[in-house]
Amino acid sequence: MTNHPVRVLVVAAAILAAGAAAGADDPPGGKSRAPFRSRAVPKERPQSRPGAAAPTPAPAQASGDGALVTRLPEVVRQAPAGPPMEVAPIDRARRPEVNAAAALIDDLIDRASPAAARADDAPLDDALFARRVYLNLGGRIPTAPEMVAFMASKSPRRREELVDAVLASPDWVSHAFNLWADTLRLRDAAQFPVYAWPYLDWVKRSIALNRPYDQWVREMLTADGRPWENPAVGFQLRDLGMPLNYVDHTVRVFLGTQIGCAQCHDHPFDDWKQREFYEIAAFTAGTRAGVEQYRSTRRGGTEPPSRTRLNLRDLSAEYQKLLVGKPKEELPYMGHLFMQHLRANALSIDNGPHDLQLPQDYRADDGRPGDVIDPRVPWGEEPADAGGLDPRARFAAWLTSPDNRPFARTVANRLWKECFGVGIVEPVDDFRAGNPPSHPELLEHLADLIVELGFDTREFVRVVVSTKAWQRRAVSHDPTSATPFPFRAPVLRRMTAEQLWDSILTLIARDIWAYQRPPYEAYALLGGFDLGGEGADLATAIPVFERFQKTLSQHAIDQRLRHGMNYLDVWLARASELPQPSLAGSFLREFGQGDRETIDGRREVATLPQVLTMLHGNHGRAIIDDGSAIMQALLANDPDRAIDVAFIGILARPPDDADRETVTMVLRSAPTALDGFRDVVWALVNTREFLFVQ
Amino acid sequence: MIPDCPPETRRGVMARIARSLFGVTAADALLAGATHGAAAGAPAGPARAIVTLFMRGAMSHLDTFDPKPGRPEQGETGTVATRTPGVAFGAALDRLARRSDRLAVLRGMTTQTGAHEQATYLMRTAYPTIGSIRHPALGAWALHADGRRGGDLPGFVLVGNANEHPGCGFLDPALAPVPVADPKAGLENTRRPAYLSAENFERRLALADRIDRDFRAAFAGPQVDAYDRLYGEAVRLLGSGELGAFDLGREPQSVHERYGTSPFGRGCLLARRLVESGVRVVEVEFGGWDMHRGLFENLPARAEILDRAMAALLDDLAERGLLESTLVVLATEFGRTPKINDNAGRDHHPAVFSCVLAGAGVRGGVVHGASDERGFAPDSGAVTVADFNTTVAAAAGLPFEREFFAPSGRPFKIGGGGTPVREVLA
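For the record, the sequence lines run as chains A and B.
For the first sequence, the working numbering gives the first residue as 21, with consecutive numbering after it.
For the second sequence, the working numbering gives the first residue as 37, with consecutive numbering after it.
No wet-lab data here; the hints were simulated from the structure.
None of these values were measured; they are calculated from a predicted model.
For each residue, glycine too, the CB sits at the ideal point set by N, CA and C.
Incorrect hints may appear among the rest.
[To be verified] Per the computed footprint, the stretches of chain B lying under chain A, defined by three or more beta-carbons under 8 Å from a beta-carbon of chain A, are:
hint	segment
1	189 to 201
2	214 to 221
3	225 to 233
4	254 to 261
5	270 to 277
6	334 to 347
[What the hints assert, rightly or not] Estimated spans, in silico, between C-beta atoms of each pair:
hint	chain 1	residue 1	chain 2	residue 2	range
7	A	Tyr314	B	Asn379	51 to 61 Å
8	A	Gln380	B	Thr455	34 to 44 Å
9	B	Ala256	A	Glu617	31 to 41 Å
10	B	Gly324	A	Asp145	29 to 39 Å
11	B	Ser313	A	Met105	32 to 42 Å
12	A	Gln380	B	Pro105	38 to 48 Å
13	A	Asp140	B	Ala462	53 to 63 Å
14	B	Ala234	A	Asp111	28 to 38 Å
15	B	Val291	A	Ala142	27 to 37 Å
[To be verified] If you want the footprint, here are the derived chain A segments under chain B, 3+ residues with CB under 8 Å:
hint	segment
16	166 to 173
17	232 to 238
18	625 to 634
Whenever a hint applies, use it, and build me the whole structure from the sequences.
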């Protein structure tokens, strides 16, 4: 993977500076008492809800004429200074091939469609097309200037150019990250003592660099080492201590197959045998998370315990002694955090030889409890070149092989669903004989396509959205109707929680990237020290710990959001940059963001609290703040032109005559232009047209 | 057009706006459904409200309602004698033991799968997960068949997370539970912000409605309609004096203490307030039962929270005369292994587990069914998940024998077509 050393250093320096500033905000009475300087740490978890309205009454009060007193943070009122990240460029020269591949898909869909299905075909006008591209590929609505630029383009290929531009933008990275975060169950708070943050950023970076999917999956499945040195270990650490669940999740996510039931008994609906489950599990039986697991005497080896292990023990004991006599209230908290930090520096994924035995309650008659099981792939053959590898690497090579059809089908089906709203197999992680694809030929074609593209998922999406089918007007479809969806057009969808939040942010902030999560390299830089070295002692470790607490700890990061990006407890950052996942009850979770405990846990179900949030949430107040992006744009125009800006900036379409007449009336009867604009903006955001992706 | 507001009461204005903006209101639709359901001749059951306490993660039966004292499988969990002769509970359920005369314990529960998601879905809907349909949760069925009571409050409230809840399934989206993530915060965003005058709010609603008309006509369908309905319902609720039902701040400290200040304790208190105010179905989730490790360290505290909150709920309902018309259900998705694993925990065990019923329609002081001496499989009185749901439906007076048809034409029954357990029904 390409590193960005210069950018990382710049970001790290910025974090340090911000951390020092945050330190200045320490509450009175919490002033430095070396070596415990990170006093801003609260005793309780913060109550704020990222991206949510606060339950408490807002501090700002209305003045007589309803003016807003609170001010949006300056950083989001300004235009962005530059691009927030590097994104791999898209190969424009490949356009003809993309269009040819798209035409093949249209042929397949046409051949599978009865004549009646074609009756609903309707073209999508350019404006709605642009809105769909921004939302489905960029995760947010377009701004008024973006729409104006697109509509003004005279290029006959402006649709293609828009697709290519959005796919090569940070918006695509943010959006694709949200999708994978839901599937991979990405959480900031992983199992103690893992810091998951570097891994989350590594996933995002893999998307930004457009690394081939099979490569980054293979890397996750075979990564060794510490999270800070090799963030890809985060995937294996996600199921720390639950090796059989790890197997179940891995097969489900990447092969679309549910074998979890076979852990305890032969599968009830499918033909999975319990023994097969253990044969797969045997590949990863040697993977251990801990402190240099294969170098300690605990595993029966003759080597002495590793230096890291000894240092971890000694430094922990010394630190406990230091805590004696410290103020009571900070003891448990500081002790806990320091220990976590020590262990995070020591913890690694190691892979070594280890047999898997059948469990004591093994039920099937093809084996006895305690039998040693040899690893065996459940279908196909291990790739020839995997012969010399260790079992875990052999499994990863087989799983990600271009010859492993379920691997290709699963990712093709997932990406297809993201584009059309419905999978060819539903649910996307339940491929089996009893749950056949609605369009088998299309599915095989798409699996071929993703293999041909070298698992370039972005290029695959580029092809799919270039089909005529994807560029038709959306249709309503009841997923419970038991009739196959014909894929002549995308399904009408409510925005995902993240699309809705990022769209609202687009209305509020001129710079929607004003806050970004730190790059993973910063963690080793600011928090790492060599626990295995001769010189590892408290005098080295404590300053590093304190620096980390001030800069990259969950608390420090929360502080930056709370102090720098806060408008009435609404944290003005993109969903991909906010805590993962947002707290229960927050805006994002209210609108269906998953809890990241369930694979593909997000939902788009309508609930009453969502509507109450849309009507009275504090985000709505931020949208109509006179410093918001949309209000700035309106106030810069005369009323007639402002009506256009409002409709284009919120619904991505110009007003029709009736709209203009109604809105003009409202503007005329409003006490001030500002009040009138607020009514209009609020109303547009509270339409179903805004909430849905046509 | 933006009509001038005639001098009506605020409440009347809101209701009128809700009607004019959103066509038929949710209440109208629900009343229509109710008439339909009643006409079908539901058996008269006494329960007018249902409170379900859902123990997520699979509550161990051996350490709660089906202990095996003296057996090695029991581990470190002690027992406590109940008021029902010969029946003991896990030691942490002291308060419920003293109220066992109100409880019907089903010790022969058995389910089909040991996977949380699928088993939870099955317990809530009585149907297994399949790709082509979403089944309604029992609460949505109750509203569909029997309507909700008058008033502005929702008919079905879920204290917990809506994402993993089957909700209304294929039924009218208006029957989906209203999720309350944090009972302490109640239903949020119900207070009109200070900067927004009532006139402004109404003008904006009317304007949104006018602009949105074309889109709603073009994309009329269940998804868009659901939001139309909810906007109508929200506007109606915002003007309602009944919103106070969600405000736990109106309960004295002594009551909070009796329920416990855990989120689950508060959830039970909220459930009681909502039932008092006419809400038909409340489900309170309580997670954290998936104890693969350290069960004997962790379970007592969790069981104590359950014990305290459920006992307070039963007492309060009884004291107010509401237990005669409120069915209280304690459910979980499956049990846990009698064998204690290497991490001092118990693993997933679908073969047998326990559920509890109390209140309206239920005979108290009853234990139905038994697991074998190890707590491994039902010995007698085995009850499937469909039987259990059908029993709940019977106690709640829902027409469990009637066939209802999904939009796809497939027939379904409330409770999944099981057989009610007559032994626990009053």
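Okay, the hints, checked on the actual structure:
no., hint, verdict
1, 189 to 201, "holds (count 5)"
2, 214 to 221, "holds (count 6)"
3, 225 to 233, "holds (count 9)"
4, 254 to 261, "holds (count 6)"
5, 270 to 277, "holds (count 4)"
6, 334 to 347, "violated (count 0)"
7, A:Tyr314 / B:Asn379: 51 to 61 Å, "22 Å, violated"
8, A:Gln380 / B:Thr455: 34 to 44 Å, "36 Å, holds"
9, B:Ala256 / A:Glu617: 31 to 41 Å, "36 Å, holds"
10, B:Gly324 / A:Asp145: 29 to 39 Å, "51 Å, violated"
11, B:Ser313 / A:Met105: 32 to 42 Å, "51 Å, violated"
12, A:Gln380 / B:Pro105: 38 to 48 Å, "24 Å, violated"
13, A:Asp140 / B:Ala462: 53 to 63 Å, "54 Å, holds"
14, B:Ala234 / A:Asp111: 28 to 38 Å, "57 Å, violated"
15, B:Val291 / A:Ala142: 27 to 37 Å, "59 Å, violated"
16, 166 to 173, "violated (count 0)"
17, 232 to 238, "violated (count 0)"
18, 625 to 634, "holds (count 9)"
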